[in-house]
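> The sequence shown maps to residues 1 to 113 in our numbering.
Honestly, the hints are just simulated from the structure, not real lab data. Glycine is no exception: its CB is placed at the ideal position from the N, C-alpha and C atoms. Treat the hints with caution; some may be incorrect.
[Said to hold, decoys possible] Restraint-style ranges between C-beta atoms, simulated for each label pair:
1) 72 <-> 97: 26 to 34 angstroms
2) 6 <-> 35: 37 to 45 angstroms
3) 87 <-> 37: 23 to 31 angstroms
4) 73 <-> 3: 19 to 27 angstroms
5) 7 <-> 36: 36 to 44 angstroms
6) 4 <-> 35: 44 to 52 angstroms
[Claimed, not checked] As a list, the in silico EDC-like pairs of lysine to aspartate or glutamate whose alpha-carbon atoms are at most 20 angstroms apart:
7) 18 <-> 70
8) 18 <-> 35
9) 18 <-> 8
10) 18 <-> 30
11) 18 <-> 109
12) 18 <-> 75
13) 18 <-> 97
14) 18 <-> 71
15) 18 <-> 76
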Amino acid sequence: EGEEEGEEEALLAELAFKHESLRQMRSAIEEMRLEMQSPGPAASPPLSAAAPPFSPAAFARASAPPPATEEPQTEEGWMARLLAQQRELAHLRTAIEAMRRQDAVEEEEEEEE
1 EGEEEGEEEA
11 LLAELAFKHE
21 SLRQMRSAIE
31 EMRLEMQSPG
41 PAASPPLSAA
51 APPFSPAAFA
61 RASAPPPATE
71 EPQTEEGWMA
81 RLLAQQRELA
91 HLRTAIEAMR
101 RQDAVEEEEE
111 EEE
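Using the sequences plus the hints, can you model the full thing?
As structure tokens, this is what we get:
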């Protein structure tokens, strides 16, 4: 029984770590998105001062951990949640890498001009 509790605690710690990693990646993506939307020194000012479609406050709400009532009650539930988080993490990593490649291409195009 003690071994099962240790495994459960390890799984919970791993899930907490994965959740925090996802939160950090979401934050990084949002920052990059906002940087891409903000005008650079050579750009003209925006025509309207409308709020971005996904404000930092809305992003924080979306990134908040789910209420305790939504937590899985079984090991299978926790594993399914972990696998979903891993898929989301892989998707976010892919999105970040694509954004970095796009930035590199744009910088090269600007240098050629």
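> Of the numbered hints stated previously, which ones are contradicted by the structure, given in increasing order?
8 and 11
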